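Peer 1: Residue numbers (UniProt numbering), protein chains in the order written: chain A, 1 to 340; chain B, 1 to 340; chain C, 1 to 401; chain D, 1 to 401.
In case anyone wonders, no lab produced these hints; they're calculated from the structure.
Not one of these hints is a red herring.
Derived SDA-like pairs: lysine to any residue, alpha-carbon spacing no greater than 20 Å straight-line:
(1) C/187 x A/38
(2) B/49 x C/300
(3) D/367 x A/321
(4) A/318 x D/358
(5) C/367 x C/396
(6) D/367 x A/139
(7) A/39 x C/377
(8) B/318 x C/98
(9) B/318 x C/366
(10) A/49 x D/297
(11) B/196 x B/19
(12) B/268 x A/297
(13) B/230 x B/195
(14) C/187 x A/66
(15) A/39 x C/376
(16) B/49 x C/238
(17) A/318 x D/301
(18) A/62 x D/235
(19) D/367 x A/326
(20) D/367 x A/322
(21) A/49 x D/309
(22) D/367 x B/122
(23) D/367 x B/123
(24) A/318 x D/365
(25) A/318 x D/397
(26) B/318 x C/356
(27) C/187 x A/67
(28) B/318 x C/390
(29) A/39 x C/185
(30) A/62 x D/308
(31) A/39 x C/186
(32) B/268 x B/216
(33) B/318 x C/393
Remember, it's a predicted structure, so these values are computed and weren't measured experimentally.
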Amino acid sequence: MATPVMNQAADQAAASTRTVTLGKSLNLGLRAAMEADPKVIVMGEDVGKLGGVFRITDGLQKDFGEQRVLDTPLAESGIIGTAVGLAIRGFRPVCEIQFDGFIFPAFDQIVSQVAKLHYRSQGRVTLPMVIRVPFGGGIGAVEHHSESPESYFAHTAGLKVVSCSNAVDAYWMIQQAIRCDDPVLFFEPKRRYYEKGELDVGATPDPLFSSRVLRTGTAATLVSYGPSVKTCLESAAAAAEEGTELEVIDLRALSPMDLTPVFESVRKTGHLVVVSEAPEEASLASEIAARVQQECFYSLEAPVLRVTGFDTPYPPSKLEEDFLPDLDRVLDAVDRSLGW
Amino acid sequence: MATPVMNQAADQAAASTRTVTLGKSLNLGLRAAMEADPKVIVMGEDVGKLGGVFRITDGLQKDFGEQRVLDTPLAESGIIGTAVGLAIRGFRPVCEIQFDGFIFPAFDQIVSQVAKLHYRSQGRVTLPMVIRVPFGGGIGAVEHHSESPESYFAHTAGLKVVSCSNAVDAYWMIQQAIRCDDPVLFFEPKRRYYEKGELDVGATPDPLFSSRVLRTGTAATLVSYGPSVKTCLESAAAAAEEGTELEVIDLRALSPMDLTPVFESVRKTGHLVVVSEAPEEASLASEIAARVQQECFYSLEAPVLRVTGFDTPYPPSKLEEDFLPDLDRVLDAVDRSLGW
Amino acid sequence: MSSPEQWTHPEPGVGPAATAATPTAEQVIAGLRATSEGGPELVQLLTPEGERVPDSRWDPYVADITAEDLRGLYRDMVLTRRVDREANALQRQGQLGIWVPLLGQEAAQVGAGRALKPQDMVFPSYREHGVAWCRDVHPTELLGIFRGTDHGSWDPLAKRFHLYTIVIGNQVLNAAGYAMGQRFEGKVGDDDGEATMVFFGDGATSQGDVHEGFVWASVYDAPLVFFCQNNQWAISEPTERQSRLPLYQRARGYGFPGVRVDGNDVLASLAVSRWALDECRHGNGPVLIEAFTYRMDAHTTTDDPTRYRLADELEAWKLKDPIERVRVNLVRHENADHAFFDEVQAEADQLAAELREFCVNMPDPPKERMFAHVYEDGNPVLAAQRDAYLAYASGFEGGGH
Amino acid sequence: MSSPEQWTHPEPGVGPAATAATPTAEQVIAGLRATSEGGPELVQLLTPEGERVPDSRWDPYVADITAEDLRGLYRDMVLTRRVDREANALQRQGQLGIWVPLLGQEAAQVGAGRALKPQDMVFPSYREHGVAWCRDVHPTELLGIFRGTDHGSWDPLAKRFHLYTIVIGNQVLNAAGYAMGQRFEGKVGDDDGEATMVFFGDGATSQGDVHEGFVWASVYDAPLVFFCQNNQWAISEPTERQSRLPLYQRARGYGFPGVRVDGNDVLASLAVSRWALDECRHGNGPVLIEAFTYRMDAHTTTDDPTRYRLADELEAWKLKDPIERVRVNLVRHENADHAFFDEVQAEADQLAAELREFCVNMPDPPKERMFAHVYEDGNPVLAAQRDAYLAYASGFEGGGH
Ligand SMILES: Cc1ncc(C[n+]2csc(CCOP(=O)(O)OP(=O)(O)O)c2C)c(N)n1
Ligand SMILES: Cc1ncc(C[n+]2csc(CCOP(=O)(O)OP(=O)(O)O)c2C)c(N)n1
Ligand SMILES: [Mg+2]
Ligand SMILES: [Mg+2]
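Using the sequences and the accompanying hints, generate a full structural model.
Peer 2: This is how it looks when you write it as structure tokens:
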């Protein structure tokens with residue numbers, strides 16, 4: 001399964017291919033979704049005239065007007081709570097939460113209404129809404145601007161959670177999320193907003209809820225998502241120079257997870273390292289470890305190891321290089337796994 | 001470690017011993033804490049005149065006055081946010097969240113302030129506050145009254161999380177939580193409020209952050225907390241009748257977890273089943289599985305299995321018997337583990 | 001010291017700052033009155049004694065109400081109450097897990113409910129059985145929630161009556177969003193415009209979500225009527241625990257009108273609701289209505305109000321019963337005879353019997369319901385969980401487990 | 001159509017319901033003026049031209065201010081601004097990750113800050129560098145937050161100045177709780193009473209937490225001054241996106257007074273803040289102050305205001321500069337000479353140099369800081385994580401990793 005769209009695009013280098021940053025790609029994807037469906041609206045703090053603090057919605061208000069791109073009052077529960085109402089009315093709201101740390105005022109609406117309404121109404125009410133969240137650290141920001149809250153949402157039944165790791169996926173995944181009839185938490189790796197990719201808008205994307213093998217290898221498997229995927233690819237490249245071939249899997253979908261390729265990979269390599277920036281305790285990394293040890297019990301030659309953020313609040317940014325999993329920590333874990 | 005206080009109390013049957021329900025025991029513990037320290041205050045919805053919807057704070061306002069037992073306005077963020085201020089001022093607030101499902105409006109204050117203030121202030125500000133949450137299902141309630149949100153808080157660095165499973169622990173643990181200088185989420189197994197125990201108020205309790213072996217066995221280990229502990233004890237009793245001796249461990253502390261007794265047990269039994277009502281994905285049960293497979297890799301004769309609530313919203317109560325782990329599901333998992 | 005007027009209408013530079021550190025007895029009384037009695041601004045068209053009081057501002061909104069219409073409102077209230085009492089009894093008999101009584105709030109709800117037009121949308125809280133009735137949600141459709149077989153069984157879109165919302169305040173924001181949508185779609189601006197009405201209690205006004213709903217609706221000129229039933233209690237807490245001022249005055253700080261209506265007066269509730277909906281459908285929303293009423297029963301069947309309020313209070317409010325005053329008025333003006341009242345009574349008994357019959361025969365939900373409709377587009381992980389569980393559970397079939 | 005007065009003062013039965021579906025030009029203008037201009041209720045004691053305007057209500061609160069005191073306020077503002085500009089420059093030069101400028105808000109903050117007594121407590125937002133100055137938090141102590149070495153390095157209890165709070169609105173509830181505590185401890189009721197002041201912006205008023213803070217403080221008569229600096233922008237959003245009405249009027253709905261003060265007038269800010277704190281320390285709290293001012297720089301150093309506002313606006317506000325009007329007043333009344341101004345300038349330069357020197361020499365935090373103080377009572381699981389990481393990291397010592 002899962003032909004890597006990235007490579008496809010790079011290979012073709014067709015007329016429709018252009019070099020874009022991940023951020024720009026999201027902008028193009030949002031624009032395409034708004035053009036395709038007049039019910040798609042964008043809402044959040046500063047998403048209109050300013051185009052969002054990361055400029056992801058740049059130019060959209062100018063072209064689609066103030067009733068489709070809403071600069072909302074400053075309150076996240078309000079943003080999500082009114083988006084629920086708009087979705088009930090038949091709109092497809094795409095909400096921007098300005099930074100990861102500011103999703104918590106909306107937590108109640110997300111957990112109590114967004115996640116449950118379809119279930120409560122026995123399917124009579126659908127909530128096709130997307131909540132975009134720039135997430136993760138590595139940009140030298142002040143407090144509350146570098147959180148990785150995705151595990152909270154993966155633990156919440158009724159939500160779908162995805163994260164893109166590169167410019168090409170960003171374009172497709174945001175559109176697929178908007179087309180999805182379930183509420184989707186869309187985590188954007190903010191420190192990768194300026195990473196470039198070759199986008200072919202004529203290509204056929206993978207399904208939204210599929211993980212993808214980005215690099216094949218036989219020694220051990222690395223699984224990750226969002227901003228850490230690049231870290232894993234770099235780790236694999238470094239390992240390859242020393243003759244160790246690592247398989248790298250980009251999860252893409254965090255809930256539901258598509259772990260089949262991971263199981264297959266572990267059956268082949270016998271070693272798994274999960275990499276994520278979020279604190280470790282009761283996290284998505286824990287979930288992957290729990291499921292892989294169950295599915296691949298007899299294949300594992302070492303326990304599943306986790307390389308994650310620490311179980312501390314996000315530290316002052318001068319310390320974030322220590323907090324965030326980096327190449328060395330990933331390879332250290334690989335070594336520990338191989339030497340188990 | 002960890003002498004079972006329950007058995008101790010039962011054995012002694014001293015003059016100071018009395019039979020109390022878990023709910024009453026909490027009430028006695030709160031009263032003792034308020035008597036011991038005038039800075040302890042109780043706050044929440046309906047905790048005063050009514051004594052709380054479960055009567056856990058019954059009589060406290062009458063005896064300690066309206067400035068130590070506050071019937072607050074109806075807003076959870078307000079309850080927790082003002083408790084933070086009161087704690088900064090030197091009080092030790094004990095907040096009641098009326099039902100598990102209503103903690104979410106306070107999630108932002110808990111995650112952004114309660115969990116982080118001590119860290120942010122480099123230890124200059126301590127927040128000795130307790131957030132009491134009646135949690136879990138099994139009481140035939142309507143929506144939002146049967147949630148098990150403990151994993152969200154275990155995933156949040158800076159918080160401590162505990163859950164009592166019986167009347168005797170309830171008395172000690174609530175007092176220990178109030179004496180703790182860190183913020184503590186205190187999860188009360190509401191469907192066990194009427195379970196009785198023999199309380200000896202002269203006994204010496206175990207430390208708050210310690211798990212406890214409640215029953216020893218050699219075939220397999222059951223680990224659980226809160227309301228499911230009783231389910232596990234019943235499962236072990238049933239298994240014993242068929243000649244299978246299960247070890248049962250009550251986690252008591254959910255964050256940080258005291259897993260040493262679990263590791264020891266698994267090294268002996270080779271089989272572990274984790275039981276919890278919360279949905280499975282990215283949960284405390286996942287964390288336990290992840291850590292045990294790492295610590296006991298060579299001891300496990302089968303993967304760690306989880307028996308949990310399903311990854312659905314909490315169902316209509318006529319279906320909760322299917323949702324909640326019961327004796328049959330626990331023993332089925334034990335069988336699967338033993339037969340792996 | 002400060003007069004009640006000053007106390008309840010503080011403006012910059014006028015009157016004392018607020019309550020004093022140790023309020024005077026006068027201040028306390030003024031404060032209590034402010035939050036718990038009508039006051040001069042209470043809209044009332046029908047006194048507790050059934051007398052019709054003229055009101056130049058509000059009469060036009062009920063000028064078209066014929067004797068037949070009034071009988072209709074009476075019938076709505078009687079049937080609503082009968083359903084409420086029957087459900088309460090069903091709970092006592094173990095047929096329902098819990099019931100949330102509306103006893104005493106029939107006029108507030110039926111007045112509001114009958115003011116609604118078909119194109120309007122409603123977001124209820126959890127006690128709006130009377131509004132449900134007016135939206136053609138059959139009382140039997142409410143039972144699943146309280147029996148534990150579902151979380152709401154009517155079609156919220158078809159009935160234009162959203163599911164009950166239990167998390168206090170949530171629905172206010174959802175309603176604000178819906179009303180914004182009505183506006184964005186250009187469905188606002190004339191007599192046929194659409195409007196939304198959202199219900200919440202006095203206690204709910206403290207929640208951040210309710211405030212944010214006020215902010216959003218006012219900033220987006222949403223056609224939204226905030227209908228606050230102040231039944232004077234949030235479980236055991238009286239309204240003074242939520243506010244210094246009468247709640248309708250909350251609207252002042254946001255720049256939209258707030259009106260306090262006698263919630264035990266179905267005509268007044270109808271008039272004020274019609275006006276408010278009209279304002280909204282013409283684009284002059286939002287509007288806040290505080291319906292001043294009283295919860296004559298417990299908060300829910302699991303509550304014990306004797307622990308926090310005096311029986312006297314209830315007795316006083318029985319004299320203001322919302323149904324009684326309409327009956328007296330109908331009788332006094334000879335707009336209804338014995339036969340009518342008997343008929344309504346019979347209809348009520350019939351409905352109650354139907355409700356009971358339906359309730360005791362409700363099948364338990366199938367196990368599959370636990371897993372159904374969590375997602376619209378499916379979820380393979382959950383599907384596997386479901387399949388495994390159903391396969392496992394089928395092993396117990398026949399024998400109880 | 002409706003006059004501005006009606007538009008901004010809707011009361012039940014008076015004026016139109018709210019804005020019309022399609023507001024008239026007049027309404028739009030009235031609305032904008034309502035949220036973005038002072039209006040008759042703006043308290044001003046010193047005009048932009050430096051003239052002292054008499055005001056019978058507010059003069060008593062600054063009657064004791066001598067020429068020396070006024071020079072002191074001038075000095076506070078100049079030093080505050082110098083620190084702000086230096087920090088801004090340090091950010092441009094890569095010495096700080098970000099800076100949050102207060103340019104233009106010096107008078108609001110210094111007026112409030114100097115009204116505080118030592119026993120009072122303060123909960124700032126993230127832009128209160130001027131208030132910090134008045135609480136003896138040295139400007140160097142602010143730098144860690146913006147350089148990324150810590151999340152706040154002063155002692156909030158010793159300085160009675162809480163840490164900066166970035167999550168909009170959170171601190172308002174924390175402050176309400178603290179003020180409740182002051183009251184519970186009996187520290188309220190006379191001239192020596194304690195009070196709390198909490199700072200937040202115009203945008204923050206939309207947050208549920210701010211509302212709940214209003215509810216709690218009013219219900220518990222907390223000695224809390226809500227100090228809202230309306231700098232007319234929440235990043236790119238003008239105040240109209242948050243409210244139809246001037247923000248000081250929000251207090252009306254809760255039953256405590258709200259006052260709008262010229263936030264560029266240090267005397268007026270001082271007078272109103274003293275009055276408000278006095279009310280609170282005597283037990284008449286809470287009180288809302290809206291300081292009407294203007295953010296003359298970007299939201300933060302990462303913001304680009306040219307994308308959302310016109311240069312004209314800034315030019316107009318430069319004429320209302322808070323420092324300039326005090327300088328003119330001092331000169332006109334010969335209360336300060338060249339030597340004074342030169343001295344202050346020199347002191348400012350000295351302080352700036354000190355700040356710069358401190359900043360560029362700030363050591364990177366030790367790795368242990370990441371793990372320190374997560375818990376007061378310790379956590380063995382985290383301790384193990386720390387030990388393992390520090391042991392691992394020590395393997396890289398010497399070589400960069
Ligand atoms: C967020 C939240 N907190 C607490 C509760 C528990 N609770 C249910 S009803 C209620 C009181 C509500 O009072 P009010 O808003 O006046 O409505 P009423 O029940 O009187 O109609 C409370 C505290 C809840 N449902 N939701
Ligand atoms: C809960 C939350 N949401 C969003 C943000 C991002 N943010 C930081 S400042 C700001 C605007 C604040 O405006 P205002 O309250 O007027 O204060 P000002 O910055 O103008 O002083 C926003 C949206 C935040 N810090 N917290
Ligand atoms: Mg009520
Ligand atoms: Mg602002």
